[in-house]
Structures are given as structure tokens and as C-alpha cells.
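Chemist: Okay, here's what each chain looks like letter by letter:
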Amino acid sequence: MMLTLAASIGLLFAAGAYMLMRRSLVKLVVGLVLLGQAANLLIFVASGPLRGRPPLVEPGEQVPPPPFTDPLASALVLTAIVISFGIASYTIVLIKRAYQDIGTDDLTQYNTTDR
Amino acid sequence: MSLGINLLLALLWASIIGPFSPANLGVGFVFGYIVLRVVGGRGNRPRYVRQVLATLSLALFTAVEIVLANVRVAYYTVSRLRNLNPAVLTVPLEDNATDTEVTLLAILVTLTPGTLTLDVIGNNEAMLIHFMHVDDRTEAIKEIKDGFERRILEVTR
Amino acid sequence: MNSVIFRSSTIVLLPFMLVLSIVVLLRGHNEPGGGFVGGLLAASGFALHAMAFGHVSARKTLRIDPRVLIGLGLIIATISGLPAAFMGKAYLKGLWVELNAPGFPDPLKVGTPLAFDIGVYLLVLGAAFLMIVTLEEYRHDANTGS
Amino acid sequence: MLATLPILVPLTASALCLALWGRVAAQQVVALLTTLSMVINAVILLNAVLTDGLQVAAMGGWAAPYGITLVADPLGAVMVLLTAVCGLAIAIFSLGGVNHARWAHGHAALMLAMLGAISGAFVSGDLFNIYVWFELMLLSSFVLLTLGGERAQLEGAIKYVTLNLLSSMVFLSGVGLVYASVGTLNLADLAIRFDQIDDPKRATALAAPLLVAFAIKAAAFPLFFWLPASYHTPPPAVSALFAGLLTKVGVYTLIRVTTLVFDQERVLIGDSIIIAAGLTMSSGVLGAMSQNDIRRILSFHIVSQIGYMLMGLGIALHVMGDGDPEVIPEIAVLALAGAVFYIVHHIVVKTNLFLIAGAIHAERGTDQLDKLGGMVRTHPYLAALFIFSALSLAGIPVLSGFWAKVVLVRAGLEAGTYGIVAVSLAVSLLTLFSMMKIWTKAFWGTPASDNEPPPGHAPGTAARLGPIVGLACITLGVALAAPWIYDFAVLTAESLLDPTEYIASVLPPIAPAEAQTLSGPTSGNPGGAP
Amino acid sequence: MTLFWDIATVALVLVGSFFATLAGVGIIRMPDLYMRMQSATKAGTLGVACLAAAGAAHFRTSSVLIEVSLVILFLFATAPVASHLIARAAFGAGTPLWDRTTRDHDHGAEPSPTEPGE
Amino acid sequence: MNDAMIPPDGDPTHWLFLVAAAILGLGILASFFRLIKGPSLADRVVALDLIGYLVIGVMILLSVVTQRESFLFVPVVAAIILFLGTAAFAIYLERREHT
Amino acid sequence: MTASALAILIVTAGLAPVLCRVSRRFGSLVVAAVPLGLGLWFASAAGDALTGTGIVQTWAWLPDLGLNLAFKVDGLSLTFALLICFIGAGVLLYTTSYLADHPRLGYFMSVLTGFMAAMLGLVLADNVILLFVFWELTSITSFLLIGFDYERERARWAATQALLTTGLGGLSLLAGLLLLGIAGGSWTISGLDTQRVLESDLYVAIAVLVMLGSFTKSAIFPFHYWLPNAMEAPSPVSALLHSATMVKAGVYLLARLHPTLGGVPMWDNTLALLGGVTMVAGAYLALRQHQLKKILAYSTVSSLGTLVMFIGLDAAKAAATYLLAHAMFKGCLFLVAGTLTKMSGQKDPEKLGGLMARSPILGIASLLAALSMAGMFPLIGFVSKEVMLKAGIAHPEYSVAATAGITVSAVLTVTAAVIVGVRPFLLRPSTGTDVQWKAAPGWRQLTLPVILAIGGVVAGLAPAAFAKPLITGMVNAIDPAGVPHEIKLDWLKLLYPPTLATYLSLGALALGTVIFLGRSTYRTLTAPADALNAVGPARGYDGALAGITTLASIQTRIVQNGSLQIYVRVMLLTVATLVGLALSRSLDFSAMLELARTVTTFEIMLLLALTAATLSSILQKTALATIACLSGVGFTIAMLFALYGAPDLAMTQFAVETLMLIIFVFVIFHLPKYRDLSRRAFRLLDFGLAGIFGFTIALFVAAVLATGGPPSIADFHAANSLSGGYGRNVVNVILVDFRAIDTLGEIFVIGVAGIGVYTMLRLRAGPAAQASEPSIDSSEPSVGEGTP
Ligand code: NA
Ligand code: NA
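Residue numbers (our numbering), protein chains in the order written: chain Z, 1 to 115; chain L, 1001 to 1157; chain C, 2001 to 2146; chain U, 3001 to 3530; chain E, 4001 to 4118; chain D, 5001 to 5099; chain W, 6001 to 6788.
One chain only, chain Z, in its complex shape:
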């Protein structure tokens, strides 16, 4: 059932990777954000979520009615989303500073620290 979702994940990864290989600084961040989304989605989809079955305990019950979407996977994704958010925000500001101070967004010009 999830083959389409697997394909979507592949697409997101590919898109992220593609953007990561551009010469433009902004595209780099776009690539990172896309890769983050892709990884989050991967964890979620790989865990085999079920449509409309959240892991919530209904009032009067003691456990969520089975079957339900893997709550641990959701928790992992939530943590990962938050972390991606923090890192992406930082990265966005980083490229802004880099562009301002270095004066170009062409990554081929970012080659002074290696040699």
C-alpha cells in the first residue's frame, strides 16, 4: 500500500540532493530543508502508519483501540522535526551572514579555507 509513499520519499530525497548540489547558496538551504523533510517522512512511512488510527487513549479506555499508528515513530519524527527546525533556522541565518560578509552566493567562490 505504501509504495507510492516510498516513491514520494525518494523524490523528496532526490530533490533535496539536487538542490544541495547547486552553486547557489540559497538553493543549498532549500536542499537541506527538503532533505530534512524527506528523512522525517521516511521514519514515519517506514514505520507503517495507519490511516485514521492515532495512538490516543479514548476516554474510558485504558489503551488505544488497536490497530494504531506507531506512536514511537511519531514521537521520533516529532523530535526530528523540531531538531530540523532549529538547525534549519540557524542555517538560514548562516547563509545570510555568509552572503553578506563574503559578498557572493556562488559556492564556487567559497574555496579559500581548504587550501
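I should point out that these hints are in silico values taken from the structure, not numbers from a laboratory. Source: prediction; values computed, not measured. Possibly wrong hints are sitting among the right ones.
[Unchecked claim] Using 16 Å as the maximum straight-line C-alpha spacing, the simulated EDC-like pairs for lysine to aspartate or glutamate come out as follows:
hint, chain 1, residue 1, chain 2, residue 2
1, L, LYS1142, E, ASP4104
2, W, LYS6673, Z, ASP106
3, U, LYS3441, W, GLU6153
4, U, LYS3441, W, GLU6151
5, U, LYS3371, W, GLU6151
6, U, LYS3437, W, GLU6151
7, W, LYS6294, W, GLU6350
8, U, LYS3201, W, ASP6588
Let chain Z serve as the given structure and place chains L, C, U, E, D and W with the ligands on it in line with the hints.
Modeler: Below, chains L, C, U, E, D and W with the ligands alone, put in the same frame as chain Z:
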């Protein structure tokens, strides 16, 4: 206004947090009050009880207007484009219109289909509105003024 | 942003968002929500305020220095696990008390995980607010400075 | 609880430093006291591990594998100790080596958060939890790297950030795939469940993303680009912190998962690691040879020396996989012990060399070898400290690096992996060459400029030299206590190669059965199969 | 009575979906930004409001009622403001009007014949 | 639909969900068309806004068909937060004029 | 006594700078006295050392690793120990005068003493690893000594060259010794199982590696080039390191291991051949030099070759005798040369002359040493030359070649000896003018040369005094298999009745003198051969170093090329390849196709939406549009989360997406134009690469989904959420209770991100930025300077 918001906040709180009990409502009120104190009293002082009716009238009018107008826009959407006559018109506002009134009017104008507030001109003197379809300019302006503006003023003044 | 309409609605929306954020925080343990979304929601409220009235006003409205708020949130979250540790249990083990508050039909369960979530809330509020206000301030300075 | 402190203490202190925003003196005191207490904690922890066995702490009181378990085994505990020692040294060095503005902008909080995250990665017994610590470590390092934001820092940071984030994504994806496949995250539980995977090839496939991600973190060939591009750009104290610890976290996790979890196709994994090790060490040292800047040279050497650690691991895995799975061959123990010894030695020495580079920079205002010279006359003590550390790094007897090298080479020879031994010896010669290049150009020769500042008059000299002397003493201690450290390394290697005790300590013996009874409702099939 | 609510639910869902789709049609079909905005925002909000109302009709508990009211309230309070903000900015920036649009005064910037760069 | 699609195939709400979701889905696709095509940034913002609303609609629909009250809270938060993004874009558009 | 002697020397080395600081004059004398005492100590123990298996002492150090502090004093090590201690003491004494005014006298004394300690340890060690430890230490200390005049470029270069060359050998030696231990079943040299070593598969490797180590250390062809260059060192260093001791470490090792590794043609022949080549080449090259120390250096190279050759020829007696003789005359001559250069400022022996009058004691010592070197009876040099020639003539296989080689080198050595040791004192300087002469050398500079010269005389006239026991001891150590050797060293008996060896020896003396007299002709005749230098091993060293350096910069330029794009490409390719390869081995396509059979319309719509969003975000031409499309991706994913039972995720995704959008939009003013910079070819390349990467991961996900797995631990969380965590939202209970420590780490990430953004914008380098930047609280300074 503040009190109204406060009550609404209490309601919001009580409804969502759990059972609809007085204690819960009370806690909600206190929270709402604190929040309002924290974010500062920019709104006007609570003044009106008598406008409740006017408010209801405005709400009802808006609801009807929204539904009717939506049907109208639905028609515009699927009709032939060349039958449409869009327009950008300046609608003068009542003197000394307050920010709240202007905001409310703008929201309602925008909310109802076929009209869209583009800008407020000068110091709340007039409003620039985009119409999807206008047969008669003056009629259209009059509709706004008689429909929403009047009813809003009834609520606020 | 110098729009009467935007500013007026912001005045109304901010308290709503803040209350909503606390609601999200508190009911998070039982329903979708939690400290993180709550904190983001609160920060969004202040972000809205900053957009409408500028960063100076937003900072005044929050009152607490966001950097301190970050530290505070982190300390609360970190410390919330300590009581259990001092009682010889595992760090971060949840401790719960049942409060029979008047007017509430069911006893309220209050526990250290809630404190933890509050820490999360405060931290997220502080951090997100700090980001947005700093950016806005920087943009403002850059525009006026040059 | 003892295993919790390495995380808890620095993180709480980090939060405290944030709450004390703007009070630099208070933050400095907090940083010093915290790192000091981290050292004490770590010593107690290591002692407890050695005397009482593994220290296990179930976070939140939730038993493994359901909650997150922190486990301090010999390797984890010694890594924590090294982290604390480096932390203390760098905290002191920072007093004289990091300017007031950086202190005022969160240097202490960031440094402590990073130390906490590194310690967390070392004691965590949960795959996803390790990811979280990795990210905290990474982000703290990003911020420390760019604090102050000069052009070089920003440029280096862009590469560092991009490539490390790429590895994080691969790591995260790997975690997701592993979890989806075996339904657990606890390392000990993963070890059990991986043994139950019937197809070894599948197990290896699941291991691949994680191993590649850790290889990026460890800066293995050809995934090390981020390191030489950035490590020389931040303030020396920060460089030193990175240099000593960050890549070692990658190596640590590689060791951890390959010994504990991914034990199905060990020859394949081991050989791959050996190949990567050879390429890493040679590529790194060649990189160092082409540089003319002290910290760049040292940065490339990090890469090169990662190769030695990988060499030990690879040989151990190769030997383990080659023989009877029930018996742990002595050669494997020897090889892994070599890797452990190398890590212990490397962290101390590398940190110190970067601190010395920082001291040189502070005294002379440059890292460029061409602009340096004659420091053996102007700064004889610094020179002595440098050559001592440099020779230790190059593996000159009887200094610390020598023992690690001998153990590794001997293991390689006994295992019959002559190729990697040859490479490692050649690389060690080139390492010596490039260390002596620094020595001959910066310390020998004549000062390049006439108007150099008088020696020892740069402010904060005492704060800078103190930790350098301290770390040099530890290096000397490692060398002199080589028998003891070797025994410890062997003990560590044995505990790694026979994870029975680890698994038993983490998972109560009844745990698997309990999992079935407790599970009650069944969630969606994690595999999602119809 | 349940039947009534079920029918109401179904009807509201269908109506809501209809309006939502209408918004989609409008956003594709309308000739200029302002008209696209009009059909999108309004039909969109109304569609969502109808769906929310369907939820209220379906569950009929006080908390759902409040939640639904909040959705609708927030939608109706924020969507117009958002539209206004976009329209104002776009108009100020000279985003062109459809050539059939009539104007009584020229306020702000004259809409330029070409699309502004982004 | 082999997975735990709730309600099951026989249930009339199943079809309701399918039909309504399909309709909303078309709306979303249409909005994506505008999001991609533009031409102006404002167009894209409007399209994004609409996507947000339609996603909220799907969520409400889902809570109805899955009988989960608790889902309804998500749209409440989403509705108010969506506004922020649009406002931010508007501010950008506006500031672009003034800078 | 072994370990104590070492410890005393090491402590002395450590204290030397202090002692010299306390009192330059007497402190340094104390330092010099220490090895003298040790030498006497060793001499007193000679009886024990030379009988039976010698003195054996062992302390456990790292037994598991095979490293014990095992020492053994037998004839070979005793001889070396005595040479080290006595010559060392004399050299230190010489140094106190030679460097009397040098500011770094203490440092020099310290390193020199340290070197002596390393050398002593090397010859005493009976454990292969311990031996290697000291071996490397001699390399390092000699590096420091050669580079003592570090301000001279040439000295630094020579030091590095010596270090690299001996370091190369050292590392192969390490491998060789470890293999030897493995093959021989013991880490103790005296415990090595010769039979096992000889039969081992590893024998060839061991032999080659040990030879490589020894040859580099002892400057055997083709590694002889570093030794003459090392003459950059002060003369005491040359005397100690380059004549008496360090360079002989290689010879020592070959001799030490000869009982274990020798007797195999490969070993013996290689030693004989390369030793012989070195012997002749060194002697030849010595006469091509124009500086005192260079001549001596090449002559030393020749001597080392001689020693190695004799070990290879299994002629332990010849090797032992020459070793002792050479240590004495060459040590003396180096010190004489040092004194001459220091006092006259002149390095060229041809420009010196008539110095006998200026310093008769020095002159006599020099003459005696030179005559010994030349092989004049009754000095020890004569004895050794006789013994050598006899051994060469008597060799069963290489009699002719060996004898010829020895004779040729003997002739040339005579010439060199006369040039260096005789000419400056007895002849007139070639310039005709008087030589400058600062002052007469003091007793400290004279003591050792005189003692060494006298030693040569005593050893020749009365071999029983010390020469014979030592040589016998050495021979016993080198060739223990043979019956106890009868060593005859009486010079008179060697001279009469004359044998072929006697004739050759005397002929060499005569011919050497003739060449000295016609040395300008000789030099002219041999000049064309200098062309060989261009292809010599010294060039090999330079070429290898340049080659490695070039290789280093080329590989670094390729690997660490500075282009982030290329890094990313390589990384993506690596990840995709490795993961893809690992995955491809266990792919089950049929199970995956099962997944495809149940695709629903709704999922297709989701896929379409996600595809649209994803493609749109990479195809947009402006940054803002891209950001809008990114949000579209985010919203679609949020919807997916909501649909698939994760409302918390949906909510969080919505909130995060929006906040990121705001941050993006706030930053966008300062972002560059959104440009398409890559060329079309690269876009296609990247498109393919990205496609492979994405496809790999999609395949992986599908494979995992198709395979399924055991029940997840999440079932426990769901079952215990309410009862144990008091919460109905299992996800939230996991976040704040079951896995709260994850969340703790996560919020620290957010906190650090907040601080990061703040500092990134607030803390800027450079005063210009500082001025234009008002701050939230203006008390915080900007970074004034750059990196501190
Ligand atoms: Na296992
Ligand atoms: Na790292």
C-alpha cells in the same frame, strides 16, 4: 472589548481544557485576565452591553451575506469571464471612524465574496475596495455603506 | 507593518493565541498538542505582534528577556527530572500527585512531566521569539543604518 | 544515576549560563566548576565501571528497551572521562584564549551544551538518543564555529554545516529504517533482534546507512571534506574542542554498533573499514603535507589518525568474522585494544596540539609557518611542550602514540593484514615529517618579522599555558602508565567483543518475554506488510 | 433525529467540498490576482467552515462545538486580514489589474503593465 | 484500501470520505498549479494560503469520518497559524517596495 | 646495573640544563663525569659480561604486549656500552669547551646525554620492542643534534633528511622486529627460536625489513647520502654520533641478529654486496670532498660498509676488530677536525698547514689516529686491516671480489687519512699564507683525542690490555655457533712472516701515499664520475620527497578541492553506492510488487500533490516562490501526518513550517538573487546523481515495508501510556516521559539554535560592523579583533 475578549478566552479555555464547569471557567477567566494583563491593554475599555443585539444582528447579516455572496461568486467563477466587470472603487468612510471600526469593516468586506479591501486611505477617511463584478458603481458603494458600515457603527457606537 | 487592519486584528489575536498555546500545552498530555506546539504557538503570537508593531514593542510585550527565558525553560525541564532522582528513583521518572481541586469533578493529576513540558514551552517560546526578534531588529537596523 | 551525571551536569550548567546571560564572570566560574566536577564525576564513574561493572541508568525509570537507557561501559566511561578532561582544559584555556565578546555571547553555554551532548553520545544506549546528542553536538559546534563570524569561519561553516547535516539525514534515515525493520531502538535490544534477522545480507543492508553516516562523522575517506575545510577557522579553543572530541564520537559509534549490533557479516564490514582506514590515513597525511598553516596541518592529521582507529576496528572485525563466532580471538582483542589506546592517546594529544597552536597564534598572531620562526629561542617552554606533543602524536617511543601504534601494528601483522600495516607505517613516517615541518619552520629558524611582540607578553599566557602543561602531563602519564592503559584497553576491547555482559546489564533477562505479555494491543505492523 | 444530523453532515461535507473545489477552479481560472484572491479566499474559507460545521453536526458535543466555532472564528478573523494584506501589498507594488477592471481614482502606485520581478 | 481504513468499505461514510477527499484533493492540485505557475509572488502566496485551508478541510473531514473528536483541535491551531505565514509574505511584498 | 645506568643517564640528561645554568663551567663538567663513571662501572662488570651468556636482567613492563625491560650485556653490547660511555664522556668534556660560550650549552649537553642514553639502551636491550624504542630515540635525539644550529637552513634540512631516512628505516624495522617476534615465538632477542624464524614464511619479509632499518641507520648504500649532510652538526656530535656510535647502531643490529637471521644466502649476500659497494663508494667519494668533516663522513660511510660486508661474509672477527679500531681513530679525527675548524675558521684541509707548532699535542694525537686509520703498524688500524684482508682472502666464495674491494678502499682510506690527519699539521697551507689560529685548544678539547690516539697505540701494541677481550666477546656474540675463537692480534706476527694480506696492506699504504702526493691529478682524473651524483641516491631522496610533496598537493587539490558542490557530489555518490550495494544483495522485488498491487486513488493523489510540491520547489526561478513551494511541501506532509494517525505531527509540522517561513521571509531581504549558476551539463549530471540517490532510498523504504518485522516496542508505550504515564496521548507521553531525555536533548538543540541565530546576527567581526549595529542591550561588545 477587553472584557469580551476575556470572556471569550475563558470560554475557549474551559471548553478545551476539560469539563465545562464553573471552576474551569473561572480558571480560564483568570488565565485570560493574566494574558491580557501581560500583553497590555491596547484595546478599548469594556463599555457596552446594549450592543449585544446589534452584534447579533451584524453576525446574522454577515452570515447571510457570506452565503449569498458565495453563491454569487460561485456563479462568477464558472460563468464566462467577459460577462464580469471588475472595479476598484473608493468607498468613503464615516467621519472619525475608529481603527476597530475600520478593521471590522475591512474584514467583513473582504470576507464577503465579490469584494476585497485593498487599502485604507488617509487617516481612516476612505477605503479602496476591489469588486469582482460591478453593474453600477454608486450602487455598489451604497451597498457597502448601508450594509456593513451602518451595522458596525450600531455595534460600536 | 503599517496597516490599521492588521494591527487591530493583531491586538485581538495575540491573547487568543497565547491562551490557545497554554491550552495546547496543558491538554497535550491527553490530546494532540504539548509543550512544543504550545511554545511555537505562543512564539507565533509574538511574531505576529512583532510584524505588526515592530520588535521593540514585541520585546516590551514579552517583558522577559528571551535569552533568560531559554535558560529558564531549560533549567525547568532539566530540574523536573531531579525530584525523582533525589528520591532514589531514576532521573526523569514521572512523579504524580492527585489534586482534588474544588469544582473539578475528577481529581487533577499533576506531575513532573507537566513541569517538563512547561520547560519545553518556555524554551521554545524563548528561542523562537529570540530568533524572530533578532532578525526583525537586524533588518530594522540594516535598513535604518544604511 | 551515575551514568546520568555526565549529561546532566553540563547541560544544567549550560542552561544556567544562559539564564546568567550577560554575566561573563559568573559564566566563567560556572564553566570552570562544571568541567571540574565533570572530571570528578567521570573518574568516579570509570572507577565504578571498573569495580562494580557496567553502570546502567534507566531514564524515567522505564526499563530497557522501552525507555532510554544510559549505559557506561569501559569504553563509554573512558570517553566520558576524556571529554571531561578536554572540557576542563579548554575551559581554562578559554579564559585566556577566547575574547570577552565571545564569552558574552554564550561561549560557556555552548561549550557546556556541546560537552553534555558528547558525553550523552558516549553513554547513551539508544540509537535515536544518540542521534539527538549528535544533533545537539553538531548545532553547538556550528554556533561555536561561527561565533564572531569572520569570512573564513563562515565559509568553513557553510561546508561543515552542509556536509554534517547530510550525514545527519543519512543517520536519521538509517535509524528510521532500522526501527521499522526490527521495532526497537535500544542498542542491546537491537543486538538481540539483529541476531534474529535470518538473512545476514539484510542485516548488512540495514547497517549500511548508519555505518556511512558514522563514517562521515568520523571523517573517514572519502567523507572527510568538512573537517579540513573548517577546523582551522574558529578560535583555537574551539578548534581544540572539535579536534579532540567530535570525530571521536563518530569513531565511538562505529565501534559501538559494529561490535554490539551489526555482527552478521563481520569480514565484509571489517574489510571495508580496513580499506577506508588505509585511504583515510594516507589521504589525511598527504593533505597535511600540502599545508602551510599549523592548524590546517593538524586538522588533516585528525583525518589521518582516524584511519588508525578504524584500522584497529577493521582488523578486529575481520578477525572476529573469520573465526569461530563463539571464541573471541586474542588478535581481535589486541586490534581493538589498539584502537582504544589510540583514541585515548589521540584525544589528549590532539587537543593539546591545537591548544599549543592557539598559544602560538596568541603569541605571534599567525598560524602560517612561513611567518613563524625561531620560537624555540623566544618561547622555549612552548617549544618543549610542542615537540613533546608532536612526537607523541607521531608515535615516537616511549610517548603515548607509540604504544597505540605498536599494538595496532602488531595486531595487523598477527592478523596477516600486511597492506594496512604497511600503509600505517608509511603514514606514520609522513606524520613525523609533517610534525617536524612545523617544528623546523615555526620553532627553529629565525623569526620572520623583526617587530614581533616580546615573548610571554600576550595577555592570558598563564591561562593558556596551564592547560597545555596539564594535558602534556596527562600525555606523559599515558605514556608512563602504558601497561595500565593497555590492560584497560584490553579489558575494554574484551567487553566490546563479547557484549553478553552489556546486553545482560541493560536488558533484564526476562525482558523479551515481558515484552510480549505487556504489549497487549498490537500497533500497526511496523513493517506494514499486508 | 440522528438521521437528520447525518444528512446535515453529509450535506455540509458535500457543500464544503464543493466550495473548496470552486476555490480551486477560481484560482486557476480568474484573470488577475485580485479576482483569484477573491474566489480563493472566500470559497476556501466558506468551504472549510462548512466542513467544520459538518464536524459539529456530526459529533454534537459542547467541546466540538466550541472547537468548530473557534476554527470558523479564526478563519473568518484571519483570512480576510491575510487577503487584505496580500492585496494591499500587491496593489501597492503595482500588480496589474485585469484590463477590464474599472477604477474611479488612482491611488497608490499605477499598476505597471509588466509583472514585477519577485 | 487494505489497511485499517476507517470506516470500512461497506460504510456509507467511506464513500463520503472518498468523494469529499477527492474533491478537496482536486482543489489542492489546482492550487499547486497556481503555486507553481505564479506569475506573481502574490499569486503563489494566495495559492499557498488556499492549500493550507484545504489541508485544514481534509483534517476536519478526517475527524468526521474517523469519529475522532480530538482531531478537530489540529485545525484550530492550523487555522490561526496559517495566517502568520501569509502575513509574513505580505510584509515581504510590502517591504520590498520600501527597501 | 643496566637499568640503573640508563636511568642515571636519563636523569642526567634531564638535569643537564639545570646544572649548566647553575654553573656553566662546573655543571657541565659534572654532566660529563656521569658517563665516565658509568663507563668504569661497565668496565668493572666486564668479567661477568664476557663469560657465559653475559649479564641478563629483566623487569616486567607490558608482558601482554611482549614488552619487558629485558637487558643483556654480552661482549657485543659491552663493547658498545664502553665506547658510548667513554667516548661520550670525552665528547661531553670536549663540548664544555667547544661550546663554552654558547647560550644553549645546557640544552646541547642534555640532548647529547639523552642520545647517549638511547644508544646505551639500544645496545643493552634484549627485547625487540625495547630495542626499537631506543632505536627511535636515537633518531629523534640525533635530529635535534644535527639541527642544533637551527637558524641555518642547511642544518634544518640535514636534520630532517637524517630523521626521515632513519625514520623510514625505523618503521620498517618496527614491522620487521614485530614479525621477528611473531615468527620467532619470543619477544626476547636471546629467546628467539632461530629454527622457527628460518623456516617461517615471513623470513624474507623480516630480513628485508631489518636490513632496511639497519641500512638507513648505518648509511649503507643506497641510504648513505644523509650522513655527510649530517655534518652540519657541531663537531662533538659528529664525533659521537657519526663515527663511534649511532651510525653503528645498524651494524650493531645486523650483528646482533646475525645469529638468528644469518646463514641464509639472501641475508649474507645482500649484506656483503651492499656493504662492499658502500665500502668502495664511500672511500672514493671521500676523496671528492674538500671539507675536513665531509671527508671524514664519507670515510665513515666506507667503514660502515666494511663492517656490514664482513658481517655478511660471516667474518665476525674482522668486523669486530675494525669496529673497535674505527671507533678510536675516527672519533679522534672528528674532534681534531672540529678543533681545527673552530680555531682556524677553515674547513678545507688544503688551506691548513704547519699547525704542529701551534698545538703539538693535538698534532700528535691527530697523527697517531690518522696513521691508525691508514693502517700503519703497530697501531690497531694495521691489525684490523690485516685481519680484514685475511678474512677477505680466506672467504670461500667471494675471495677475489672481497679482497679487491678491501684493497681499493684501503688505498683510498690511506689518502684520506693523510689529507685529514697529517696534512694540516706537517705540510704548509696551499694558500701559502699563515693560518689564522685563535688560541691553543685547552685540556678539555685535547683529552679525548689524546686518549683515543693512545688507545689505538695500546690496542695495537698490547692487544690483551682491552682490545682482545672485547673483540673476542663481540665475536662470541656475533657468531656463537662456531667454536670459541682463537683471536690473534699480535701485530708482529701479522707482519712477519708476510702473507698476501701483508703485501696488500703495505702496498695500500704506499699507493695511498702516492695518490696523496698526486691528489690534484687524481681529482682531475676522477672528476667526470661526479656526473653520477645526478642519478645518485641523494637525488633519490630529494626526488622521493619532492614526489611525495607533489603527490600530496595534487591529491589534496583533487580531494580537498574547496568546492562544496564536489564534496556533496562525492558524498552523495558514496552514500548511494555503499547503501545501494548493501541493499542490492537482499532485494526482494516480488514483495515490493505486492505493495504496488494495493495502491489506492487517494494515495495517488497524495503522491501527485507531494510530487507537485517537490518539483515546484526545485524548479522555481525565485527564492520566494521556492520558499512558498517549500511550505507547500510542508503542508502536504502535514496533511499526510494527519491522515495517517499522527495529529501531533500535523500540528507541529504546521507550526514549524510557518515559523520557518517567517524566518525565511525575514532573512530574504538580505539574501542574494536566486540564480541558476550551474552549467547545463552539471545540471544533468546532478539530476542523474540525485535520481540515483533518491531511487536508492525509495528502494530501501520499499524493501523495509515489504519485509516487515517483529512487533515494535511502541506497543509497550501504548499499553502503559495511561496507566504508567497518566496521559492519553501516547505520543506526548513518550515525549515527556518514556523518552524524556530525547526531548531534553531536543530542547537544548532549539535553545542553542536560538542563541546561534542571535549571536550570528549580533556578534560581528570588524569595527565597521560594530559601529553600524545598535544592540538590544548595548553593553555587549562586538568582536573587536578577529580570532584571538
Ligand atoms: Na548481535
Ligand atoms: Na564532527
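Chemist: Now tell me, hint by hint, if it's right for this structure.
Modeler: We went through each hint and held it up to the structure:
no.	hint	result
1	L:LYS1142 with E:ASP4104	holds (15 Å)
2	W:LYS6673 with Z:ASP106	holds (10 Å)
3	U:LYS3441 with W:GLU6153	holds (10 Å)
4	U:LYS3441 with W:GLU6151	holds (10 Å)
5	U:LYS3371 with W:GLU6151	holds (15 Å)
6	U:LYS3437 with W:GLU6151	holds (14 Å)
7	W:LYS6294 with W:GLU6350	holds (13 Å)
8	U:LYS3201 with W:ASP6588	holds (12 Å)
The earlier numbered hints are all upheld by this structure, with none contradicted.
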